[in-house]
Structure formats: C-alpha cells, structure tokens
Amino acid sequence: MPMVLLEGQKPGAWQLLKNGIFSENPVFRLALSLCPAVAVTTTVANGWILGVAVLLVQVLSSGTVALTRQWILPQVRIPVYTIIIAVWVSAIDMTLAAFAPALYAQVGLYVKLIVAFAIIISRLEVFASRYPLVPSLWDATGMGLGFLLALLTIGAMREVLGNGSLAGIRLLPGKPLLFFALPAGGFFSIALLMALFNKLERMAATRHGRPAAPRAAAGGSHG
Amino acid sequence: MVSRRSAWIVASLLSLLAGAVGTFATARAEVIRSVRIAPPDRVEIRLSEPLPQAALRPANFRISDAGAPDIPLAVKAVESPSPDRVVLTMGEKVSSTSVYRLDVLEPRESHTARPSPWGLLLTVVVSAALINNFVFTRYLGLCIFFGVSKKRDAALGMGLTFTFVMLTTGMFSWAIYSLVLKPLQLRFLQVLVFIGVVACLVQFLDTFLRKTQRELHKKFGIYLVLITTNCIILAVPLLNAASDATPLEAFGLAMGSGLGFALALFLMSCARERMELARVPESFQGLPIAFALAGLFALAFMGFSGLTFTR
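First to last, the sequence lines map onto chains A and B.
By the count of our numbering, the first sequence reaches residue 223 at its end, each step adding exactly one.
By the count of our numbering, the second sequence reaches residue 311 at its end, each step adding exactly one.
Just to be clear, a hint being listed does not mean it is correct.
What the hints assert, rightly or not - Derived list of chain B stretches under chain A, where covered just means 3 residues or more per stretch with a C-beta under 8 angstroms from a C-beta of chain A:
| hint | segment |
| --- | --- |
| 1 | 132-141 |
| 2 | 179-191 |
| 3 | 235-247 |
| 4 | 291-299 |
In case anyone wonders, no lab produced these hints; they're calculated from the structure.
Even glycine gets a Cβ: it sits at the ideal position worked out from N, Cα and C.
Just chain A, same shape as in the assembly (with noise of 0.2 angstroms):
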C-alpha cells in the first residue's frame, strides 16, 4: 500500500478522500470486492444502495476499530474484526430492509455478503489498526465514496447501453443492447472501464514522465 502508510506523518483529511476515489479505488486500482461490482449494478439505483451500504459499514467499522484497537490482542484481530464488521452489517441489512424493501429485494444477498467483502477488512487491518479514530474515519470515507463511485460508473455505463436509461429516466430511443444488461455485459463492461482506466493511467505518465505504478488491477492479483 503506497503513498499514505509512511509512518509518524499525518496524513490530511483531502489527501485520504483522493487516494480512495483515484490512486487506490477499492474496485478499479485494487482490483478488491469484485462480486457486487459485476451483480448489482445492472442499474444506478441497484449500484447506489449498495455503494451506499458498503460505505456505511466501511465507515462504522473502521470508526469502531479506531476507537477499540488498544484492547484488540494482535493474535485474535481477524476474528473481532469479522464480528464486528457483521454486527454493522446486521444493522445496516434490517434498516436496509426496513426502509427500501423494494430495493431491497434485489440486492439483499449482497447486502449481506458484505461482511465477507475483502475491501472493509483489508481497511481495518491495514489502516484503522494503525491510525487514530479521525484519519480512519476520513480514510474509511474516501473509499466508501471510491467504491460507491465505481458502481455507479459501472451502473450507468450498463443502464444506459443495456436500458437506454439512466436512474430510470429514458435517454435513448429505440432498441437498447440488452446484453450490456445481462450478466456477461456485466464482466465486458468492468473489462471495457478497467482497460480504459490502464490507457488514462499511462497517458497520463507519460505526460509526467514517469513509469506507471505497478498495480493490482494490472497484475491480476486478487483479494
């Protein structure tokens, strides 16, 4: 993990919020927590309960950790980690449930299964352990926001081509590509984003004149 894990300096408030948006986003940089970027986001209102959701539990828990972590023995953190990211994500899945049942309805597996999302414990273990509760918060922020960002991106791109939609308004005319619906659009389109993210990220280092950073979504590594 480059750029904010150099130890003794703080790191501030807008720095965190970038790095999880651009340099490290949970789902285009990282290559993490892949699952429900390919199966909720047939439409933005699907993407956007579950980005929503996903941040909620990734700011609570990290907080939580934050603020725990003198008492959390080294030996046992995964284990307190999981039950503590399932607690959150009990509570966000009933008022989930409660309060968007209609939504709910499509994407409550999902929902659930965030608490086996690699993301939320890879923050804890890598940041919130380390950090006070104030920068985990931010950083718990920014790549909430950067995953919630990524399955909107994703969302749109496969409403619109797969629906002639977006958030449920009609933009286009005649036939939509209904394959850009189905569940093999989904892969071609975080394969189309994803290459299309690497040409961005070489253009632009080219222009800076420096390589491009070696990086997960590249390398194909997994988490």
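Since chain A is already given, all that's left is putting chain B on it; use the hints.
Same frame as chain A, now just chain B:
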C-alpha cells in the same frame, strides 16, 4: 475395534437416511397406484383397474398445490391412452419439484404426488451448478475465481476443496439455522452465526487434516486458508436460509454450487493457460482480458437457462 465401531456408525447413518427417504414414499391408495408430474403441463396417473368412461372428465379430478390446497389448478382435458393410465392436461404449468395433491371424486380417493428425492436432488444440483452457476450468473467468488484460475492444477485443487468445505459448512449452518435460530426467533443473527460457523469449521478441518491426513493437507491445506471469509462459502447458507430449504435441498445446493464453482475454475484455467500465448492489447493485459473471457463464458452458460430444471 475402531473399524467395527465406524461400521456401526455408518450403518446407523444409512438407516437414518433410509428412514428419511422412506417418508418420501407415497402411501398406496386402491385404484390410483401412482401420480407423476410431467412438466410443463401434464399429470400422469397410473391405475390398478380402469376407470369408468363417466369418470374421465375434468371435473372429476381436482389438483392443487400442497402448499395451497384451497386453490384448485385448472384441469383442461382428460384422456386415457391405455386402461391403466390417465393423462390430465393442465391449464397452467406444473413443476416436477413441487408437491401436489390429487383428489378424485369417483372413485373417492386422494393422492399426494411428491417429487422423487433423487430427482429433486438432481434438479437442485444441476440448477445450482449450471443454470445458476455461482460465478457466471450470480457473480459470487470472483476474487478467488480470478486469483486462482491461472494454473490448471491449482484450479482443480481449489475447486475440490471448495466443494468439500461448502458441503460441510452448508449442512452445518442449515442445521443451526433450522434447529436453533428459527425456533428461537433469532433469524436476525444469521450473518453473525454463519460467518462464525464457516470460520470455526474451516479452522477445524485444517487442524483435522493436518493431524490425520498429512498428504492431503500438504496438497489442499493452502486453499483452506483462503476460504475462511469468502463470499461464495457464505452465500450457500444465506441462500438456504432465504428459501427455507429442506435438508435435501440444502445438500443439493451446497453440492451443486461447489461443483459449479469447480467447473468454472477449471474452464477458466484452461482458457487462461492458452491466453498466455496470445497477444493482448496493452491496456487489456491482466485482469481486463480475464473479465472479457469470463464474459464469454457467461454468455455460453446462458445457454443452460433453457433447461427446465428451474427450482
């Protein structure tokens, strides 16, 4: 003595299983010998003696879903191709995996048509492995899927380990859910409990294998570590809980999902090994092209959705 004791345990388990299967067998009535659901819209009745011509009319037969016995399903036509067989054509679709109740007015008899346990098991397994393949249509376990599908050996080992762990955790969580959580109204704890069950069982399996089956552990132990908090393992108990599955269905879902995941991993690893030789545009190297490849597989798997094995 150990072998005799284990033989006794196996025998008692088998007898339990036989008892469970036995409850599926239907009670024999007098004239009606058996009722078979033949999707999409037919019901076949086997008789021990022919019915009188007057009894061969739709109003004589009443078929309802066992879950909603008050609502009869429309019977459109009745024919008797041979003296010992009556075929009902229904006005709506019937499924070979649901339980139906048949009431006949003349002679006054009723019969319950249950899916045969093997048929049901096969249906659930095929449906989970092919039609609703975890990777290609439900998009679960993608992280592991893209991480481990580079080498064929690793993919196979991972797939087999997954199937085994899914079976154990799936059945264990099913038991806890339906025997403890549901009666005590503690369903809201399911996420917490399932993840605990998965973590404990994987840890237990790891220790057990290390102490008893050293060779096996050397081969598959490394995959076990990766499994603990994986969405695909957790999804099986959650899906079972959501659909209030019977033990047989829970077993079938765990088995089918595991096999489906193993199949997906194997296919993907074969394709990716060949892709190493291909010239890929620079922007697409690594994960993007793997995603496109998975998209092609997903397209191919859509062909299975035409199977009438829907649950």
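- Stated coverage of the segment 291-299 of chain B by chain A [criterion: 3+ residues, CB within 8 angstroms]: Holds, because 7 residues of the segment 291-299 of chain B bring their Cβ atoms closer than 8 angstroms to Cβ atoms of chain A.
- Task: Examine the segment 179-191 of chain B: at least three residues should have C-beta closer than 8 angstroms to a C-beta of chain A.
- Result: holds (count 4)
- Message: Count the residues of the segment 235-247 of chain B whose Cβ falls closer than 8 angstroms to any Cβ of chain A, and tell me whether that reaches three.
- Response: holds (count 4)
- Query: Are there three or more residues in the segment 132-141 of chain B whose C-beta lies closer than 8 angstroms to some C-beta of chain A?
  - Reply: holds (count 6)
Checked against the numbered hints listed earlier, the structure breaks none of them; every hint is satisfied.
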